[in-house]
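Trainee: Chains as they are written, first to last, in this note's numbering: chain A, 16 to 361; chain B, 8 to 543; chain C, 29 to 404.
Worth flagging that the hints you see were computed from the coordinates, not collected in a lab. Possibly wrong hints are sitting among the right ones.
Listed next, the in silico EDC-like pairs over lysine to aspartate or glutamate satisfying Cα-Cα at most 20 Å (straight line) [stated by the list, open to error]:
id	chain 1	residue 1	chain 2	residue 2
1	A	LYS305	B	ASP377
2	C	LYS162	C	GLU313
3	B	LYS184	C	ASP278
4	C	LYS255	B	ASP377
5	C	LYS276	B	ASP377
6	A	LYS228	B	ASP183
7	A	LYS228	B	GLU355
8	A	LYS228	B	ASP140
9	B	LYS360	A	ASP249
10	C	LYS255	B	ASP183
11	C	LYS253	B	ASP140
Note that the coordinates shown come from a computational prediction; the quantities given were computed from them, not determined experimentally.
One letter stands for each residue in the lines below.
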Amino acid sequence: MTLRLRRIVENIGIPRLIIAGFLLIIFITAYITDMSVPQLMTDSLVRVGMNGILVLAMVPTISCGVGLNFGLPLGVLSGLVGALISMERNLKGFSGLFAAIGFAIPIAVVVGYLYAKLLESVKGQEMMVGTYVGFSTVAVMCVFWLLAPFKNPELIWAIGGKGLRFTLTLGNHFGKVLNEFAVFQLFGVKISAGLLGFFLLFCLLIYFFYKTKLGIAMLAAGANPVFARSAGIDVRSMKAVGVVLSTVLAAIGIIIYAQSYGFLQLYMAPLMMAFPAVAAILIGGASLQKATISNVIIGTLLFQTLLTTALPVTSRVIQGDISEVARLIISNGMILYALTRSTGGK
Amino acid sequence: MERSRRVLEMKGITKQYFGNTVLNDVSIALCPGEIHALVGENGAGKSTLMNILFGMPVIHTTGGFSGEILIDGEKVDLSSPAAAMQAGIGMVHQEFMLLPGFTITENIKLNRETTRQNALSRLFHSQSLDYLDVPTMRKDARRALDRLDLSIDEWLPVAGLPVGYMQFIEIAREVDKKEVKILVFDEPTAVLTETEADRLLGSLRRLAADGIAILFITHRLDEVMAVADRITVLRDGETVARLNRDEAVVERLAELMVGRKVEKIDLPPRHKDPGEEDLALTIDNLVVNMPGEMVRGLSMTIRRGEILGIGGLAGHGKLGIANGIMGLYSSSGRVSKNGDDIPLNSPEQVLLKGLAFVSEDRRGVGLLLDEPIERNICVTAMQAQNKFLRSWPHFLPGLRLENRGEIRAYSDEMIRKLDIRCLGTTQPVRSLSGGNQQKVCVAKALALDPEILFVSEPTRGIDVGAKRLVLDLLVRLNREHNVTIIMTSSELGELRKICDRVAIVYRGRLAGILPPDASDAEFGLMMAGGVRKEAV
Amino acid sequence: MTNMTDPKTVESGRSVSLDVRRIIATNGVPILFLALSITMALVAGLNVTFLLNEVVTRLARNSLLVLSLLIPVTAGMGLNFGIVIGAMAGQGAAIAVTYWGVTGVRGFLLACLLSTPIAAIAGWLAGNVLNRAKGREMITSMILGFFANGIYQLIFLFIVGPIIPLNDRRLLLPSGIGVRNTVDLINIAQSLDKIWRPVIGGVRIPVVTLLISAGMCVVIGFLMKTKMGQNLRAVGQDMHIAEVMGIKVDKTRIIAMILSTVIAGWGQLIFLQNIGTLNTYNSHEQVGMFSIAALLVGGASTRRATIWQAIVGVVLFHTLFVVSPLAGQRLFGVPQIGEYFRVFVAYGIIAVALALHAWQGRQVRRRAAEEAMLTE
């Protein structure tokens, strides 16, 4: 009996059990303190759909053997440029959203390819190099935002300043178009089929990708590069495909994130974008070597629900905003756990 | 040499690993000033014996050993490398334990630095705060280098020195240890050029003349004949001979090293025996850059339908041949099949030409350990030959998804045919036994429908029963499906059991090809480089 | 033996080719940044006395933090992004002495004394974590810094007040829970700097603070000449060989982390006494990144860093820091460009150094493989 219990615990994983336990306590507290549980769930689901694709972007790099993609800001910046072009042209609604994605993808492909070339020459240190390449690109792009030739008065400082504004309102363009598409209620919980459906669609696409010849080649290259070579697979290009795919997903992910948030955040905002995504997929049970779609979905659900509910619920019990502190401790604790777990991995 | 006194005696050493006896009642004795050669094939038990002598943890974590070790006539307990060092045993490692950024002096004195106290170290009673006494360290290093007749400056950094020097610095480090009475050299000439090797042998003699007993492990018989006072031959964990040098001749040593009864099994007959007129593969001046297993210009021909064995001692390049041809290590030369050149350095092209490979590194190269059996069997054929795929959805013709049904059916068939013991096609291969993993590797190669199959070390690390099954399987493939098989193995016995011809590789070149029923002495000599035939 | 090249002649042949090109090649990074700083200073049209004042102040303020990075580099653990943990220990101590009202040099010394055991324990923990993440120490130390930041905020936002009593309105947030965002360190402000601060040629020189940094240089130099230093260097070159030769690798690495964290704690206190105010939740955040960037600007790498590189790096990096916003203002009329530029320099130099680190690591391995081949 105890053995079976232990096996169940091992299968689910201790971190997930702890966080699920936390969530349970939070929801019980919410119920006792007369908070609206459906409202909490509505908010959580929105956050899941908002962040999901960014978390999904971690899967290709992990499975092709590059590891966690700390260079996520590169894709995010590509997405921001795409969104800006769409806004500059004053495209509205769904056409604005899809135009943003359409402009962003080619940029992300080029950026991802260059990034893959760089990572190829720093094998073994991809995570650290990725982090700082991401950081420095964010800084370079800050200069770009200041000097970029955008003319639309909605985008640039009205008077006095030079360059793009810090935060752009998406309301007139494609703000919340997905969030407000096909919304229905279930037990008092508002569910946006548009937003969640879009996320799940991408999960499904990636799932099928790993059933194709290319996807399987990438998995083999990540699982055992020497095996892959002996099977005639070009390991380097598989890694490049993984990095490009991840960058493209990050670009799409930030556009979905922004439309859901209602604002496009420029300058230093993308700096730490990689860390919540990394934490989420690790919470979902991924390791530095292996990640699946279910890791993405479980991880995003647990992590985002926790972040969304922690603030309103705990503020009833504790004074001050503990959610930011909890985010720091949980996400970085999770990353530390993954980094120190399998020393024999490489 | 004082024949009367024994500085080291190992008596009745027996060691088992997981029920396998790897050393059986081995005894060896050294006098001061003696050079004692320990020769034997790979796997004869030399390294286990040295691990015991050096108190390596691997011995004690696997249940220890029986027998006793005496130093200067007193029984000692060598339970750790530190204890062995204390007892006066020095070891020159095969891999260099040198820090490239340190000077020669710093390397010789590594973790044995002479130190001087200072105010702070006295205050904290901490030796680790003592100053390094660099002048004394240099003097000691100089003395050790002089004993080896090495004029190199002791303050030079090791980085950038020729490899030959590094070996001598390793030796100087052991020589510098005041307490060293016994020095063990584990194949020290393996990485040296011939002149460097000669010089090393000279140093051995000089050290022996100083009264140090030397245990010299090697399989280069010419070196044994050149320096050894006495020789012990190990085979399959047993002492097969103890000889004085004047009693030994190279031929006899070679025979003792490899000699072993070959159990003859009756191989199924063929309709037509493979002959020189119908060639499957021609290898011309093949050079393979595989670290530790370099091939340096090997030429030979492989007959259609035969099982060719490739043997040779470790490090002489027998493993490099298949790895090079299959494109896993960079190679040059010319390999042609049916008069058609096979592009080198391109695994993809080679697989398309109908060649397949079962690697010697089953877990490292052969398998995706955490993936299911079915994926392991099918992924190579899928990637290289577009098998097991289907177009779906039909309006996207470029998109090809894996064909689950076909994969499942083929894997089931292979599991049945090769008798792979498992829970089903989706079991991860990591949880299979070695023998069954090897069968998955063979199934993977068969999925490619090969005309020519390279198999390296097919029985390494699997139990006796499974060994037989794997060899039988290879014979069946050869006879029933007419697959030409090139089997590389360290176990001469199994090569002689199932092969039509056995090629022996020496120093990266073909030493010769022997029929499987050639005598032990012939095989032994050829493997030890005793005779050098031009490549056939 | 005669056909072997004599390494002595090889060596002397090398030393002959020591010329200007070589100096530039080996010190390319600091020379580049020197040129950049001078150009920008000229563009900005800065007053030399002002610039010198700024640089000397910043040298005194930051050198100890940068010096704290040297030991882990020697021990092969790369750039220790975890010095922020030491900085947090220093800040905790600074808050404590402010609360107790111990003033002047005595207050400063008490803060140092208090931060030492906290930093030592934190360093010990960090060392143990890093020993479980061999080969990826840098990313781990960085995440460790973020994680510690969470713990730090937990302590100072939620535990100080209700659990750790602190009856001081000046320190607590109005709610009575948690420490204020800004703490005025009146007690220890400038306590070292003002002991003796002569003005030479218009430049005020905080002699005592500079002497402490110099003293630390001497101590580190001394340490490197001892048996422990030798162990650190050996472990830094090859953990496997060091282990086989009987050096306790894990212990040595933990010692390196403890020393680094403790020195960083003192470094942060020196930094704070110069600034005079503590941004409770921000002062430490950039410490790791700026110190590392400064060290790298001085020409250090992830495998090799010297005392001189640390000092030169601080001078150059902070010169750039002072001049770049002004240069941005002059050139583009937008001061932010200069600000973003210096952020880019900090991140970019780290990115380049890390990429080089990985690239060189691969080169070394490849060369070793080639050499092994040639010998055969």
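Trainee: Run every hint past the structure and note whether it holds.
Mentor: Here's how the hints hold up against the structure:
no., hint, verdict
1, A:LYS305 - B:ASP377, "10 Å, holds"
2, C:LYS162 - C:GLU313, "25 Å, violated"
3, B:LYS184 - C:ASP278, "26 Å, violated"
4, C:LYS255 - B:ASP377, "45 Å, violated"
5, C:LYS276 - B:ASP377, "34 Å, violated"
6, A:LYS228 - B:ASP183, "60 Å, violated"
7, A:LYS228 - B:GLU355, "15 Å, holds"
8, A:LYS228 - B:ASP140, "64 Å, violated"
9, B:LYS360 - A:ASP249, "18 Å, holds"
10, C:LYS255 - B:ASP183, "19 Å, holds"
11, C:LYS253 - B:ASP140, "9 Å, holds"
Of the numbered hints listed earlier, those contradicted by the structure are 2, 3, 4, 5, 6 and 8.
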